[in-house]
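Chemist: From first to last, the protein sequence lines stand for chains S and E. Residue numbering for the first sequence follows our numbering, starting at 1 and increasing by one per position. Residue numbering for the second sequence follows our numbering, starting at 1001 and increasing by one per position.
Just so you know, these hints were derived from the structure itself, not from any lab. Heads up, some of the hints might be wrong.
[To be verified] Below, a list of computed lysine-lysine pairs in the DSS-like style, where the Cα atoms sit at most 30 Å apart: (1) E/LYS1366 with E/LYS1378; (2) E/LYS1114 with S/LYS71; (3) E/LYS1252 with S/LYS281; (4) E/LYS1366 with E/LYS1429; (5) S/LYS412 with S/LYS289; (6) S/LYS232 with S/LYS220; (7) S/LYS74 with E/LYS1366; (8) S/LYS74 with S/LYS232; (9) E/LYS1378 with S/LYS289; (10) E/LYS1378 with E/LYS1429; (11) S/LYS74 with E/LYS1378; (12) E/LYS1114 with S/LYS289; (13) S/LYS71 with S/LYS220; (14) S/LYS281 with E/LYS1366.
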Amino acid sequence: MNALLVLLALAAADGDRRFVMDNGMVAILREMPGEPVVAVTVAYGVGAADDPEDRAGLAHLVEHLTFRGTKHTKPFEVLSSLEAVGGRDMNASTFLDATAYYAVVPTGALERTLWSEADRMAFTLEVMSDATFADEHPVVMREMRGRRGGIGGTFFAYARRAFFGDGHPYAGVEDELEQTAALTAHDARWLFQQTYRPDNAVVTLVGAFDPARAESMVRKHLGTVVAPAIPKRARPAAPERSERCREIWVTARVASPVVEVWWAVDGDFDAVEVATVVIEKRLSEQLQKQYGAAVYVASGVQRQRLESHAYVRIVGARDANANALKSLVLDEVRQLRDLRFGTQPVVDAIRSVRGGRRSQEDDPLDVGRDLALAELGVPVRGAVPEGAVEVQAATRKHLTPTRRFVAVLDTKGETTDVARTVGRDCR
Amino acid sequence: MSHVRSAAIAVSVALTFACGGRSTLPPLAQPLTPTPDEPFRATPPPVETDARPLVAPEVDARTLDNGLTVWVARRESHDAIVYLVNREGGRRFANEPDAATLAARVLAARIKGKAGVASESAYVRKRGDPIQVTYVFERLMTALSAGPVEGARLRSERTQLHNEAGFTSSSNAAWLVDRMERGGPDHPLAQVPRVRTDALTNVSGADVTAFIERAYRPESCAVIVVGPVDAATIHARAAEAFAGWRSREPVKASAPIGRLPSEGGRRIRFVPGRRTQAYVGLLLDGPSVQSTEAIDYEVMVAALSNGFVSRAQSRLRHERGLTYGVYTQRRARTGNVHAMLGGWFDHEGAAQGAQGLLDVVDDLQKHPLDGAELDNAKARLRASLHARLASTRGVASYLRDVFAQGLPPTYANTIEARLVDVTAADVTKAAQAALVPEQARLVVLGLEPEFVSALSSIGTLVRTPLPVRSHRPTYYGR
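Bound conformation, chain E alone (with noise of 0.2 Å):
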């Protein structure tokens, strides 16, 4: 019995050698596809026409004596959202670029609300119920005429912002480089302003308060609201709490982050840290928004990336597995869009990845789209605004965004026209105006040894630690 046993034993032990140390799975039942294949399963069933214009939401835009733009889009749902856009409230605006973060962040504080801050703008926004709408606007207006930001609330609002800073994000090295290349090293915006602890132990609350003063003017902010609301008591109501804020002078901002440099070769800069995958990006020229040649540029970054089927997409995961997607950001600033084409590679693929993000890009310069890769790309933009413009939140971070970069609120109604007429030359052109291949600017973050020199045989290495202090968690002024 027990040789049995020990024969039994070495079978096993045999098997799961023979296995991988796991048992193996049934064979499958036949037949694989007992569906039958009936003429209806091998062709498609035609689609009706989506006949869906592309249409803005309608705004009742007023501007009041003082230079305040109020838009109200009025829509059926249980909440309202409540929007004020600056224009000029971004970092380029403030002489310590903290002071425009900590200003936004106080004023979102002061109403209940969030806050977010952009180089160009920033916007703080509450949502609720519809008939605090009024309610909201008169809060909105004593935290802008509050006076000295002092006290709890600054100590708050710099302590959560100090602590935030150990957790910069990878996204936010990647722009902190993209801005160090445009602007130069020197450029106020380049100077890392969320790891920075120093800086941001200096802005002080009369820092803070005179942002506030000087750069939150009528003149350059919208109030938008959107929600089950009436336009016209909105804007009664929006007139009454409105109608003391004076009118001001211009902040001086600091100069605009332009286009790419055009010399000095190849460039890529290594952010060093412990990054279980590398982020390569390769950083992108756009055109203004304001102009002709937006909705091509458009076209191009949807043919490029996002969707599944993209041209960066096909080549570099489902041909060469080398990532899970490819992805483009982009930031519009003043003067033109800014982009950045990348995604997260294994270490030893990062080379691989950074020279597969050029070629995809040197391809689109060469050779046009076919007609499907361009009938795709329109379709997953006008798929992602008909998206955006069917809720709420949707339609209010819209008119946010075309507030911000200058543009009308009737803007959605002329992207149909711009769009059919985008052809595939036009593409190939947005492709070729985005990037010289010689003087690409690449951005990667990662381990260090893993695959630098790697790296090194694409461009110019160059090392750009990220100064994250260590640091104990600090209450400010205490």
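Pulled out of the complex, with its shape left as it was, chain S reads as follows (with noise of 0.2 Å):
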């Protein structure tokens, strides 16, 4: 909790202008000078972890719908009318623990859009009708069929519910495909009616533009909208955490390995990102260049409310051995915690980390959702650590067996079905 508290400190940071509205909503402003442009970023606490029971997918529904018009504009043309004016990234994300509207417009359409998130929030649900409802629902069952379709997308989805276990908000459900389908226009306007509320957002701008009015603008449009006068809806808490050392295999007639290894992480996050960084760099020469074991290495920190875990993942080659790709990532974790390689890789990671931390840190759009997420709870990045010894140290803590998870996709099913095993390995 400490750690989450000095990372939100580090989010909001000395100059930016912060202040809760008397309807409860929050907002930053950030200067960046540059483009006289403005990243707008409006973010609501409801994401897919809220998703009320047997209802997977509301949540991302819901700011599907937000689209199809409010009681002054017609279907989408809250992005029409900003692309008109020079907007651009106009989208939406549905996270676990949030849904974000933003924007990168110039200057001079600051207050449009403004007025548009506001509309968004205060005169969409008496539109989001059952006609509405049934032009988008197919628009977004085929967005999911597409995104987590597969043998690929069924094995991940798998092992995010054996590691997080039955009943987590984070684990998901099996039938998710199908709780969507069954969603109905009334689950989407509840949920709305319950989240899209003032006192449940945050609005960031982060670009140019002159404080004090674009406050103003902030404070006539966004300030004044009236929540509903209903209790603001609890967010799920994360249940008590059992030891990790889980291993699932999952085979299947596919033609490359998969191996996933999370760490359940609580604290630490950019040495422990500096840490899965440094395996990542030593598996790719081994595996991609020098061996040919292996076609993708990926690693990272992904943070979140609740719980944040660390991960490495490899796709083999074709045929590759799981067993010894598992083995390898475990064996680089271990040498990784005496330094057994010296600083030098830990050096180059953290220059590595630093690198793409500066190009986060020019664009506007990356910078207001990350103070957006912060402000509703998520963990957001900190400081790169300075030396290996702080990265060997968060690398004893976190990266342990008992925190450890191992989810492997293996080649030696005979169908296209997967078939699980669950066992333990706390060694």
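Assembly of the complex is requested from the two constituent chains, each provided in isolation within its own frame, with the hints serving as guidance.
Modeler: Here you go:
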């Protein structure tokens, strides 16, 4: 929890104009000199983890439906009107913990954008009809089938459920597509009324603008939206954590194995991120470049409100030995714990993470989204560690067998269906 | 007590069935809209005109005595980006197309950078500390003149390419079909280069070495530097580092890939494969990027797809819910631009999707854009270029592309004036030039038995399996 507070402090920095309006909505304004544009983000404290029981996909569907017009605008006019005045990157994302709407607009279109977002929050519900639902529901179904279908998607969803455990808000459900298919317009209207309200929302402006004028626009359009006269919906809590040290093997008729190694992480996110990058780079050098035993190696830290985790992912070459790939990951972690390969790979990884951060910090959209998510309790990027010792310490603390979870998609299956085995490995 | 409990269970079961197995969410609270609908809510506030001009990055451009182009653009940023772009480094210029791919990858590996290879051009990129730019020049020159490509480096690159071959994306497969249709099935670029194991094996270190020596000649290359650097210093260092790079005769290339055939009737190439949804793509012709019609074509593409409110998105996504999105990908090749309008559809909706794509282009050929559609398409083009030119990475990739396409670095300065002149009639004309409906060529990727018969009502179906061989991971040369 302390780590989270530190990160939140880093998120809203000195120089930001942060204020809470009378209706409970939080606003953060950060000036960023350069191009005369503003990244506007409005994020709501509702995400996939907030889907009511038996209604997987509802938050995502609501996000889609809010583009289908308001009392004052036609369907998709929120997008076309901003496009017409030079807006870009207009879209929305439903995360596990939040739903964010964003756009980068010329500074002269800032008030128009704030007007649109206030209109979305205050005047969508009365036009969220059965007809608009019938138009958008198939689009959402098609998006989900495209993204989550196939053996890879089934494997990842199964791994996620096994990692978080049944009942965890992040676990997802096996019949997600069926649940989404059964959603109704009333479900969507209900969740919208419960959660698209000013006391559950954050607006961030990042870019070139006059702060006083921008604040007055924010207060006029978003600060005067009235919340419904019902209590704010409680957000899900994380269940008690049992130790991880679990391993699942999924076999299927696939060409290449996939190995996922995850660790539950509750702090030191930036040092852990560097640690996973060290492992990724060393594995990539050996498996991709030297032996050709892998086609893809990735790593990172998935930062989330209730529970974060670090991961290393390998997609093996055709018929590569999954067990050997898994052993290599675990061996790299052991080597990093003792810095057996010296400090240079860690120094290189620190440099690489810093480079990535610099380009993110230059992008007003990235910065605005992070500020909004931090306000909603999601841990965000902090300071990159200075040296190898900090990374080594974080490895020893977080990348341990008891926090570890391994999921393997092996190629030995005879059918296109997945067969699953679950075991324990706390060594 | 027990029968009371039984009755409760019966009611519960009845309710469960009535609600499809789920509890019903409570009714909505009233009023639905507690926010007063004041006058300022009903009318959107005016927008101050976006006065940002479209301005090309300021480039200090010079040509060395050996013909090498050097472009330097100063920008305040943390890192500097160095590109080596070769207009003639693409697969069309190699006897065995994979030699071009391996050559760029070997060069990138030698400078610890990234490579990209297309039909026409290839590039190597290095991003890093600005003080390392001179060092990158030296490494590049060493990489170009390092002699035979053999040993572990070649094995490593070849093995990676081989392993990636098993993961050829749907996009690669669709573009391969595009090359088959335009160049004919015997064209070297229509030969499944990324997935043909034997071809890959046949490319020797000598082939790669020879390709680097022949095709990477200073006259066809540019070194582009973007970042917080001093242009005069960079030019002086470039002149020193690349002075020893000798001029050479141009490389003999295979014939460029041209326009779609104008006879043979409507054809659909079907690529069978295990996919959860079917990809449907419609091939489109475009003008040369250097022609005056190029801007009309760009507006046409923007009006047709990519934006949320474009015609294809409106017709196929918003109105019919057939797909999550319709997008146009484009490739600038010698002679003209080639594009593919496509999207992912459920298998049972693939034929509807194919017909829908044809209909939307047909409609644009017959019904001009209205004023709002035209303005939106232009605004979208402007905004994307503004966004690109706002970052160091974007400026560097813009300069890479304009050099590869034979355009000057000042190209962006000409766009606004040309954009203003584009009329709805110009867009209609571009749409008419992009496609002859009776001769349309489509590519469809998906599960074989599910929808093939439905597609045959649209055009002649040609089954085109792409051979992805099953093989074990191979460490070449060991």
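Chemist: Given the proposed pairing of E/LYS1114 with S/LYS289, does the C-alpha separation stay at or below 30 Å?
Modeler: Holds, because 14 Å separates the two Cα atoms, which is no more than 30 Å.
Chemist: Quick one, are S/LYS74 and S/LYS232 close enough, alpha carbons at most 30 Å?
Modeler: Cα-Cα ~29 Å, so holds.
Chemist: Taking only the CA atoms, is the gap from E/LYS1378 to S/LYS289 under or equal to 30 Å?
Modeler: 44 Å, violated
Chemist: Under the criterion that the straight-line Cα-Cα distance not exceed 30 Å, is the pair S/LYS74, E/LYS1366 satisfied?
Modeler: 26 Å, holds
Chemist: Is the Cα-Cα distance between S/LYS412 and S/LYS289 30 Å or less?
Modeler: Distance of about 25 Å is within 30 Å: holds.
Chemist: Are the Cα positions of S/LYS71 and S/LYS220 separated by 30 Å at most?
Modeler: 19 Å, holds
Chemist: Starting from S/LYS281, check that the Cα of E/LYS1366 is at most 30 Å away, please.
Modeler: Given that 30 Å is the threshold and the Cα spacing comes to 55 Å, the pair is violated.
Chemist: Does S/LYS71 lie within 30 Å of E/LYS1114 when you go C-alpha to C-alpha?
Modeler: At roughly 50 Å apart (the allowed maximum being 30 Å), S/LYS71 and E/LYS1114 break the hint.
Chemist: For S/LYS232 and S/LYS220, compute the direct alpha-carbon distance and say whether it is at most 30 Å.
Modeler: Distance of about 23 Å is within 30 Å: holds.
Chemist: Between S/LYS74 and E/LYS1378, is the straight-line Cα distance small enough, at 30 Å or below?
Modeler: Status holds; Cα separation ~21 Å.
Chemist: Please verify whether E/LYS1366 and E/LYS1429 have alpha carbons no more than 30 Å apart.
Modeler: 10 Å, holds
Chemist: Take the C-alpha atoms of E/LYS1366 and E/LYS1378, compute the straight-line distance between them, and say whether it is at most 30 Å.
Modeler: At roughly 20 Å apart (the allowed maximum being 30 Å), E/LYS1378 and E/LYS1366 satisfy the hint.
Going through the hint list in order, the structure does not satisfy hints 2, 3, 9, 14.
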